[in-house]
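Listed in order, the protein sequences are those of chains A and B. Residues 1 to 749 (the numbering used here) make up the first sequence, in order. Residues 1 to 445 (the numbering used here) make up the second sequence, in order.
If you're looking for bench data, these hints aren't it; they were derived computationally from the structure. Backbone N, C-alpha and C fix where the C-beta goes; we use that ideal spot for every residue, glycine too. Any given hint could be a false lead.
The following residues of chain B were derived to be distant from chain A, with all beta-carbon distances above 12 Å [said to hold, decoys possible]:
{"no.": "1", "residue": "G47"}
{"no.": "2", "residue": "D56"}
{"no.": "3", "residue": "I110"}
{"no.": "4", "residue": "E116"}
{"no.": "5", "residue": "T130"}
{"no.": "6", "residue": "H136"}
{"no.": "7", "residue": "S167"}
{"no.": "8", "residue": "K184"}
{"no.": "9", "residue": "R208"}
{"no.": "10", "residue": "T210"}
{"no.": "11", "residue": "G216"}
{"no.": "12", "residue": "E307"}
{"no.": "13", "residue": "E316"}
{"no.": "14", "residue": "Q332"}
{"no.": "15", "residue": "D339"}
{"no.": "16", "residue": "T345"}
Capping the alpha-carbon separation at 30 Å, the derived lysine-lysine pairs in DSSO-like fashion look like this [what the hints assert, rightly or not]:
{"no.": "17", "chain 1": "B", "residue 1": "K64", "chain 2": "A", "residue 2": "K740"}
{"no.": "18", "chain 1": "A", "residue 1": "K714", "chain 2": "B", "residue 2": "K367"}
{"no.": "19", "chain 1": "A", "residue 1": "K741", "chain 2": "B", "residue 2": "K44"}
{"no.": "20", "chain 1": "B", "residue 1": "K367", "chain 2": "A", "residue 2": "K67"}
{"no.": "21", "chain 1": "B", "residue 1": "K286", "chain 2": "A", "residue 2": "K715"}
{"no.": "22", "chain 1": "B", "residue 1": "K367", "chain 2": "B", "residue 2": "K347"}
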Amino acid sequence: MTSTASSRSSRVGATTLLTIVILALAWFVGFASRLFAIVRFESIIHEFDPWFNYRATHHMVQHGFYKFLNWFDERAWYPLGRIVGGTVYPGLMVTSGLIHWILDSLNFHVHIREVCVFLAPTFSGLTAIATYFLTKELWSPGAGLFAACFIAISPGYTSRSVAGSYDNEGIAIFALQFTYFLWVKSLKTGSIMWASMCALSYFYMVSAWGGYVFIINLIPLHALALIIMGRYSSRLFVSYTSFYCLATILSMQVPFVGFQPVRTSEHMPAFGVFGILQIVALMHYARNRITRQQFMTLFVGGLTILGGLAIVVYFALVWGGYVAPFSGRFYSLWDTGYAKIHIPIIASVSEHQPTTWVSFFFDLHITAAVFPVGLWYCIKQVNDERVFIILYAVSAVYFAGVMVRLMLTLTPAVCVLAGIGFSYTFEKYLKDEETKERASSTASNAKDEKLYDKAAKSVKSKNTSDGEEAQVSSNVRTIIAIILVIFLLMFVVHATYVTSNAYSHPSVVLQSSTQNGDRIIMDDFREAYHWLRENTPEDARVMSWWDYGYQIAGMANRTTLVDNNTWNNSHIALVGKAMSSNESAAYEIMTELDVDYILVIFGGVIGYSGDDINKFLWMVRIAQGEHPKDIREENYFTASGEYSTGAGASETMLNCLMYKMSYYRFGETRVGYNHQNGYDRTRGYEIGKKDITLEYIEEAYTTENWLVRIYKRKKLPNRPVVKETTIPIKGKKVSQGKNKKGVIRSAKA
Amino acid sequence: MRWLPVLLLAVSIAVQETSADRILVLGESVAVKDTHSNFLNSVKERGHELTVRAADDSQLALFKHGQPIFEHLFILAPGVQVFGGSLSPNEISKFVDAGGNVLVAAGSNIGDALRELAVEHGFEFDEAGTSVIDHHNYDKTLDSGDHTTIVVSKDQLINAELIVGNSAKLSPVIFKGVGLIPGKTNNLALNIVKASGTAYSFDPNAARATNPALAGSRMLLIGGLQSRNNARIVLSGSVDFFSNAFFAAKTNSANPSVKPGPSGNGELAAAIVQWVMKESGVLRVKSVSHHKNGEMVPPAEDYFITEDVVYTIEIEELKNGKWVPFQGKDVQLEFVRIDPFVRVTLKNNNGKLTAAFKLPDVLGVFKFLVDYRRVGYTHLYDVQQVSVRPLWHTQYERFIRSAYPYYASSFSMMAGLVLFSIVYLYHKDSPVKGVKVLDSEKKKN
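Extracted from the complex, chain A is given alone in its bound form:
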């Protein structure tokens, strides 16, 4: 007895040690592989949104939480201003502020920027652990370890969590996985405690990312599916009701969310399921207490009336304005063409485009191929919690197909299911001789199997009874195992390659290479922002397309008109209108908005394709949405209906402010020996009009590679000079000279 007990405990100890070591390694690898950007460039905040998050965090650390919560940012959205505290998910800032505070009180004095830069890689390890627990609850600890390792390096998740990519998603995926783990746990135990923990974790998720809506719809969907499948249990009732009530109240504490959980349609399904659950519970309670006849009349009749009433009440509330109808973003998830027509500002973001097949493979590699296997296993051996992962996977696959950005929510599901797939297959093919012994031993030691959940147990007994394993020879097993291991190795190689090459560019600094392979760093963005910071008045207002708003605010510390927090469409449309109008019309708008400087991104010299001319059509569309009388998209096309700035470009196009600002003086330059003057490298043709003169604005600064061009709005001329004289002056102008004698016409002339 004692010897078996000790051996068992030592085996448990070894397993625990192994688990901890593997998770620690996953954490480490996940962290290390996200540091490419820092090694190559420097410790810098990437992209656009992270700049705002960094600025906000900095503000919070400097002024304290309450000052941050009530921060009215007068430098953004001039002259509207932005209430930052009420329009931001503060979880990210609070998390890094907390880490900074802890480090500070431990006397590790680090700059808040370092905390921000390294936050996402650190959280990738926590995500791995959360994924381990989730998968463990769903399947087995072995699958959990696989899933943890997958998520740690999966490119789909790395893309949003490399060092410097200081964005909500970095911590939100951890919160997402952890919430799901706690939900599954509370569903399995039916305990209020776990449900409350789940609600708390959900609260953290709500404070961190707008994607929390996915959770508050997926969990009710799961509950509803369980009810429909006849899997209702008191555990479900306890966990869902306590989760829903607590989660709703908690989520309303986030200022940005406010009353949305009770006032918008996106949150109504959760409430509906809450109601249904009460009815079902009542039904279960009543079933044993009344006759079948009474039961049928009560519930068939009652349910119809209640259901009808609920729908009527819902529509009445929507009609009355008490509940907001579904938002445009929601519709665009179902109809991919919706955004393009109705809300161009959403469609204009490249992240919101539908996903291509390639990017599925690119982001998920072998896991994309294996996860259907895991899904199949889950469906075959379904139980309450596996219904959850099935629904999660199916819905996430759909959403990932609609928007590139939502690949991020698919990745965890894919990793979990691929983990299950691999684990199950390996379990089958690596344990050869031992299996039968194990099967009998598991049967005898049933009560010791607390490590494995009930489902896994039944699986095994079922398999042994089917006798499938006996049919596979050991050679085949070895070959299959080796092939699978090779796949895994290739996944690691691919993940490293993708992380290093595709997802580790700060996009603030551009990099290209010469023919010899030397690296060229193009630091135009920071050059321009630095120029703005040093050479313009403190309160100068800079107009640019909204993409660059956060960077201008963060790096140049100047007032911006619009930024990446695209909350006010009409203000953006006004800027779009200024960009797409001719100079004099644009000048009026700019005067109205007190614009001092205008910043455009121009890639024609170096062939940078993400420049403003390529985005210009969206500016026109957004402007047209608000000012259909002044801006018409078709005016910007060539006669044959193409979008072009080259020969054949329309008059409107050639005279609009954006064209003029981008190509001013460009006609005099030559980008290569074998090109004409004014050859645009990005578009690959010569521009349509080379002699551009500016009347109302003047060039203030152009960076080394012409990537950023800054213009200054001129003041109105002091004197209204007559440009076209009606009475011509015949005499020629006499050149100016000092001490020359004048000429006076004789009176009798």
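We have chain A; now place chain B onto it with these hints.
Just chain B now, kept in the frame of chain A:
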């Protein structure tokens, strides 16, 4: 850079206050001293320093080391083709941009230099050799027969006392010279003296006038301009208008409705020259303040929405060389965020203009804007930018009445739960039901 005009204004004001203005007077010859002595003396009598030169003098200069050496420039030389020295239409434009004021008097023998100068300032003179002709309003005694010496009645003057003086009392004035028109895009032009409807501009020696370039009341006899830096320019088509001869003349209009009498040239010229030399119609902001009602200083950070604020601006006007409180009653204050949210007329209390109003329930970056443009006055423009922010999370009402039912409900709920727990925990069910409960408990496990 943005303070430069203000600075220049301040400098020019300072100069005006402390010392006499320096004026460069250019004539076709120095003889202008004698032919226009009445006019020039009237300026001199007000304590200014006149430098009279011929327009073709090779030593002429307006700037020394980049600084203007005169405050005003009077050109009483119609026939200038080319200015002497470093002077040129461009140089004079620079002088205007630097805040200098210019009076130009032309005539029928107008030279290209003056026409270019007019074009630079948004006006066009008619060609050399042409004159303003009016067969209905010529002066019967002074005119030589080609009807170019015309009598201008007071209803042709601009309705602005600051520029033309009290025009109601003004006698008709005599004009002889070339016509001009404002440029099409010149929206700063002041039509100081319009031509009458029957006037036209043509070569008086021509046998027949066909298609005159300028005709009717669209044509100006004297045009004015206040540039955006508040420099003032007056272009007169007639140099004789300022001459001793016309000052002393008696009018005898061909138009029977205009009574003969002494000409008003002297008075009108005096008013115009005072305006152009910025001795009248000059305003300045002495001080601006804004604060919450009941406080004395502006808030340390931002205003909050719907606060009551008081705005005060002190405006002064230059009168007889002294800054006195401005008495205008029509100054308006706008509270602007792209569009004005509040527009109030300021109450004038001896030069101290105040307004008290409630901030709108809209947050954003607002401007207290006083943009006072009146014909004859300098452009008064003052912007104070402030932020209006929403309330702090602690500033909202803590307990609101409509929420009392909810407070009651939550407390009763809590009490109910406690009661229910006690009853549930310490109440023994009848045995039959107890069995059922146990059954369901078993199922759950």
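Examine each Cβ of chain A, and state whether all of them lie more than 12 Å from the Cβ of S167 of chain B.
-> holds (26 Å)
Least C-beta distance from R208 of chain B to chain A larger than 12 Å = At about 20 Å from chain A, R208 of chain B clears the 12 Å cut-off, so the statement holds.
Under the criterion that the straight-line Cα-Cα distance not exceed 30 Å, is the pair K64 of chain B, K740 of chain A satisfied?
-> holds (17 Å)
Exclusion check [K184 of chain B not at the chain A interface, CB over 12 Å] = Given a closest Cβ separation of 8 Å, the condition is violated.
Assertion that D56 of chain B lies outside the chain A interface [Cβ separation over 12 Å] = Its Cβ does come within 12 Å of chain A, the nearest being 3 Å, so this is violated.
Non-interface claim for T345 of chain B versus chain A (Cβ beyond 12 Å) = holds (23 Å)
Non-interface claim for I110 of chain B versus chain A (Cβ beyond 12 Å) = Non-interface label on I110 of chain B violated, nearest chain A Cβ at 8 Å vs cutoff 12 Å.
Within a Cα-Cα threshold of 30 Å, do K286 of chain B and K715 of chain A meet the stated pairing?
-> With a Cα-Cα distance of about 25 Å, the restraint between K286 of chain B and K715 of chain A holds, given a limit of 30 Å.
T130 of chain B non-interfacial with respect to chain A [C-beta, more than 12 Å] = The claim is violated: T130 of chain B sits with its nearest Cβ about 9 Å from chain A, within 12 Å.
Compute the least Cβ-Cβ separation between Q332 of chain B and chain A, then decide whether it is above 12 Å.
-> holds (19 Å)
Between K367 of chain B and K347 of chain B, is the straight-line Cα distance small enough, at 30 Å or below?
-> holds (19 Å)
Is the Cβ of E116 of chain B farther than 12 Å from every Cβ of chain A?
-> Answer for E116 of chain B: violated, closest chain A Cβ roughly 6 Å.
Hints 2, 3, 4, 5, 8, 15, counting from the list given before, are not met by this structure.
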